[in-house]
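K.L.:
What follows is each chain in one-letter form.
Protein chains: 2
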Amino acid sequence: MDATEFRRRGKEMVDLIADYLENIEQRTVYPDVEPGYLRSLIPEEAPEEPDTYEDVVKDVERVIMPGVTHWHSPYFYAYFPTANSFPAMLADMLSGAIGCIGFSWAASPACTELETVMMDWLGKMLKLPEDFIAGTHGQGGGVIQGTASEATLVALLAARCRAVRMILASDPQRPETGINSKLVAYSSDQAHCSVERAGMIAGVRMKKIPTEQSDKYAVQGETLRRMIQEDKAAGLIPFYFCATLGTTPSCAFDHITELGHVSGPALYKIWMHIDAAYAGSSFICPEFRPLLNGIEFADSFNFNAHKWLLVNFDCSTMWVKKRSDLIGAFKMDPLYLKHDHQESVDLFHWQIPLGRRFRSLKMWFVFRMYGLKGLQDYIRKHVELAKEFESLVRADQRFEISADVVLGLVCFRLKGSNEVNETLLKRLNNGRKIHLVPCLLSGQFVLRFALCARTTESRHIREAWQLITQLAEEVMQELPH
Amino acid sequence: MDATEFRRRGKEMVDLIADYLENIEQRTVYPDVEPGYLRSLIPEEAPEEPDTYEDVVKDVERVIMPGVTHWHSPYFYAYFPTANSFPAMLADMLSGAIGCIGFSWAASPACTELETVMMDWLGKMLKLPEDFIAGTHGQGGGVIQGTASEATLVALLAARCRAVRMILASDPQRPETGINSKLVAYSSDQAHCSVERAGMIAGVRMKKIPTEQSDKYAVQGETLRRMIQEDKAAGLIPFYFCATLGTTPSCAFDHITELGHVSGPALYKIWMHIDAAYAGSSFICPEFRPLLNGIEFADSFNFNAHKWLLVNFDCSTMWVKKRSDLIGAFKMDPLYLKHDHQESVDLFHWQIPLGRRFRSLKMWFVFRMYGLKGLQDYIRKHVELAKEFESLVRADQRFEISADVVLGLVCFRLKGSNEVNETLLKRLNNGRKIHLVPCLLSGQFVLRFALCARTTESRHIREAWQLITQLAEEVMQELPH
Numbered sequence: 001m002d003a004t005e006f007r008r009r010g011k012e013m014v015d016l017i018a019d020y021l022e023n024i025e026q027r028t029v030y031p032d033v034e035p036g037y038l039r040s041l042i043p044e045e046a047p048e049e050p051d052t053y054e055d056v057v058k059d060v061e062r063v064i065m066p067g068v069t070h071w072h073s074p075y076f077y078a079y080f081p082t083a084n085s086f087p088a089m090l091a092d093m094l095s096g097a098i099g100c101i102g103f104s105w106a107a108s109p110a111c112t113e114l115e116t117v118m119m120d121w122l123g124k125m126l127k128l129p130e131d132f133i134a135g136t137h138g139q140g141g142g143v144i145q146g147t148a149s150e151a152t153l154v155a156l157l158a159a160r161c162r163a164v165r166m167i168l169a170s171d172p173q174r175p176e177t178g179i180n181s182k183l184v185a186y187s188s189d190q191a192h193c194s195v196e197r198a199g200m201i202a203g204v205r206m207k208k209i210p211t212e213q214s215d216k217y218a219v220q221g222e223t224l225r226r227m228i229q230e231d232k233a234a235g236l237i238p239f240y241f242c243a244t245l246g247t248t249p250s251c252a253f254d255h256i257t258e259l260g261h262v263s264g265p266a267l268y269k270i271w272m273h274i275d276a277a278y279a280g281s282s283f284i285c286p287e288f289r290p291l292l293n294g295i296e297f298a299d300s301f302n303f304n305a306h307k308w309l310l311v312n313f314d315c316s317t318m319w320v321k322k323r324s325d326l327i328g329a330f331k332m333d334p335l336y337l338k339h340d341h342q343e344s345v346d347l348f349h350w351q352i353p354l355g356r357r358f359r360s361l362k363m364w365f366v367f368r369m370y371g372l373k374g375l376q377d378y379i380r381k382h383v384e385l386a387k388e389f390e391s392l393v394r395a396d397q398r399f400e401i402s403a404d405v406v407l408g409l410v411c412f413r414l415k416g417s418n419e420v421n422e423t424l425l426k427r428l429n430n431g432r433k434i435h436l437v438p439c440l441l442s443g444q445f446v447l448r449f450a451l452c453a454r455t456t457e458s459r460h461i462r463e464a465w466q467l468i469t470q471l472a473e474e475v476m477q478e479l480p481h
Numbered sequence: 001m002d003a004t005e006f007r008r009r010g011k012e013m014v015d016l017i018a019d020y021l022e023n024i025e026q027r028t029v030y031p032d033v034e035p036g037y038l039r040s041l042i043p044e045e046a047p048e049e050p051d052t053y054e055d056v057v058k059d060v061e062r063v064i065m066p067g068v069t070h071w072h073s074p075y076f077y078a079y080f081p082t083a084n085s086f087p088a089m090l091a092d093m094l095s096g097a098i099g100c101i102g103f104s105w106a107a108s109p110a111c112t113e114l115e116t117v118m119m120d121w122l123g124k125m126l127k128l129p130e131d132f133i134a135g136t137h138g139q140g141g142g143v144i145q146g147t148a149s150e151a152t153l154v155a156l157l158a159a160r161c162r163a164v165r166m167i168l169a170s171d172p173q174r175p176e177t178g179i180n181s182k183l184v185a186y187s188s189d190q191a192h193c194s195v196e197r198a199g200m201i202a203g204v205r206m207k208k209i210p211t212e213q214s215d216k217y218a219v220q221g222e223t224l225r226r227m228i229q230e231d232k233a234a235g236l237i238p239f240y241f242c243a244t245l246g247t248t249p250s251c252a253f254d255h256i257t258e259l260g261h262v263s264g265p266a267l268y269k270i271w272m273h274i275d276a277a278y279a280g281s282s283f284i285c286p287e288f289r290p291l292l293n294g295i296e297f298a299d300s301f302n303f304n305a306h307k308w309l310l311v312n313f314d315c316s317t318m319w320v321k322k323r324s325d326l327i328g329a330f331k332m333d334p335l336y337l338k339h340d341h342q343e344s345v346d347l348f349h350w351q352i353p354l355g356r357r358f359r360s361l362k363m364w365f366v367f368r369m370y371g372l373k374g375l376q377d378y379i380r381k382h383v384e385l386a387k388e389f390e391s392l393v394r395a396d397q398r399f400e401i402s403a404d405v406v407l408g409l410v411c412f413r414l415k416g417s418n419e420v421n422e423t424l425l426k427r428l429n430n431g432r433k434i435h436l437v438p439c440l441l442s443g444q445f446v447l448r449f450a451l452c453a454r455t456t457e458s459r460h461i462r463e464a465w466q467l468i469t470q471l472a473e474e475v476m477q478e479l480p481h
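In order, the protein sequence lines correspond to chains H and D. In terms of this note's numbering, the first sequence opens at residue 1 and continues consecutively. In terms of this note's numbering, the second sequence opens at residue 1 and continues consecutively.
Because the hints were derived from the structure by calculation, they are not lab data. Treat the hints with caution; some may be incorrect.
Copies of the same chain look alike in the list, so a pair counts if it fits in one copy or across any two.
What the hints assert, rightly or not - Simulated pairs of lysine-lysine, DSS-like, Cα-Cα distance not exceeding 30 Å: (1) 338 - 415; (2) 208 - 182; (3) 381 - 433; (4) 387 - 338; (5) 426 - 331; (6) 322 - 232.
Note that the structure is a prediction, hence the values are computed from the model and not measured.
Same shape as in the complex, but just chain H:
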């Protein structure tokens, strides 16, 4: 395919995309296929000679679409949102065409520099403390990671490196190899599974801090303080705490000001990382910004702009107060990556992979095409829709709300057994009209209703509720309540 054919096929693809998104509501949100469905629909091997483009495009509808879970359908309420906007898609097309691999400044200066400035733009939207802004002389700054999992891991590795250095500085005779086995990290028992996984990867202990329904599933400063004291008494070395703002099960918020006083530099020199993967986007609204109070105690902060800020995946935005902490943990300098401007920022020192796409173009297009106000409106619309759904649930005596509705997630359940709720969810998903996933809160099986699609409106919410109550009625008649 040459450029001339691309001009034609590209324009057809633009129409195919617009058609798909304009009519997505008419598709079954959750696919009706069994594992292995696809293999029999296509050949067992790649063709020797080229297929025609017409055949390839025809197969998108025949082979792919029947197995797609439509994350951008207004009937999709599962997990958390993933962003999808037209400006982001346009920027991504451009990024693909430029196709630079921006590991170092020299590998494409624009790629590194736009990223640093866009992270400053976003940091200012969030009113982050000055420490986190790169500016022209700052010691901190931001970087785009692929996912929150990677940000959590990168922060943990930087924390480990800092801790080992501090220990060796105070006790140079201590053998370095034994230190790792004494290190201990902490996170909430509500934290995302990737936090526990980060500990596994780095080969360090990760302790889960218990939370209570009565505390709204937030980690209490006192609990963390006690665990740290016990571990220190047992000869362990606490070095990292991952706080969560907006947990995956119920969108709970740890009290980071209180926790900051425990883990902050004054007392224990524990690295505090804040994972606000979902909730972070909302902090651009003044009314939600207080949820981030205490950020001044953190060493690093991350959220997924690719979740709720209209920037298509992947764009997980992470800031650190001291970039030297990150860079020091990873620095590798082979000659083939050196260049004449070593004083510049080389972002591969900030992340696990070496290669990186030109992802800041998406931020640039989206921030400019929506403006801060447009982005705020978008967040507020989802929160309002969640409140509307909450009211519907609260108005029905058979149901209960299982956790505070702060942003765009409503956790709810039928009063009664886990079994009845499990059956209800199964029926809902098997109906394939709407799609939800569950969570477990204090042993209770709970349904999560997450506002996800850009195009979800009040009528979709009411339609979803009607379906839920209708199936609930059926389930309750069948099962002992």
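Fit chain D to the known structure of chain H by using the hints.
P.N.:
Relative to the frame of chain H, chain D by itself:
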């Protein structure tokens, strides 16, 4: 921006992309900017109200392009190639629109299933042993990672997990915490810096195996065997060896058959991972496939289809013989990720991040639009051009070839001091007509000429050589030779 405007702007973007790539030759391949150039060209904060799309697009040329290193210019010979093809860009547009996050099978069955089948297609093109093919009943299979760095790390983590399990199985009383500090991994001193970094991340020793120019920079089985024996005698536990096929400095090939006999299951139960990041694509040609002989000894194998196989970044293709080894190292099963088809493949257990894009669409479009023959032709053309460049170098008595030219990389230098070669490279890059990066081989500063762009032709090679000889003449006249 709504779908109607996207139809218009998307088509304009398709033309902008086609224009950019058709005329890329006329741009300066290596940008003439200083660190910090971009910040002053744009506002310090995001706009409150939306900008117009016209302004955004105008700024692409004003703000971005002056700072782009044009990786797809036929004058770009730096690093290694990164892929860029029209079918891949079309597929990526579609992937962005579907915008599913395919962490689990249920999160979008098509995303997981097409990936597994595409990895089988590619595995068959490479004539991988049956063990690495998923098929319908295989124990192995493939997965798309973001980068080779991640594949190396994932393999190392799986190896660590398997080693710890084996040790605990044979000695259940042994405390698990101490094992990590006894583990030792190996790689060539020519291996990519990300291999050493993988060891740092996992907190395990990584030893570099010395190589010699006389052995063509390949790791010798005897050297590895000796190091393993010494380490075992010292109470350490060898568990992982990363072999390289096509090293970054000089495209050297470790002798994996010989090494496989050392690290293979029979003798030491060491996990052998093969990193063929660049060279891997060439193994689809029968004449280069012998370079992969010995693959049967490997536990895992990876190369970057996004480098040399026309599939745009990111698409780092990795296979394992036993997927249970990978999955076991990472498995996390929170309720919000469970679904009714737990017998299916959930690819987030195979990787560091949780989220993942629908990247296999790019493979599907590219394999079908080129066909195997088209892909082979593409590889062969680059190798031929490299041979042509090699001939030009060899015909000039002032220069020498510094390493065997096997694929699309030519390592060469002026006979003489490192200083004269450093000066030559500096002049070349400052001239900004062509772009190369150096490497260090046996203490010698060497210029790397890597065939990169899809559109590079013989005339570009000859033009580059003319420029090199012209600047070499200048440099030699100025510096004592």
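K.L.:
Report the numbers of all earlier hints that the structure fails to satisfy, in ascending order.
P.N.:
none
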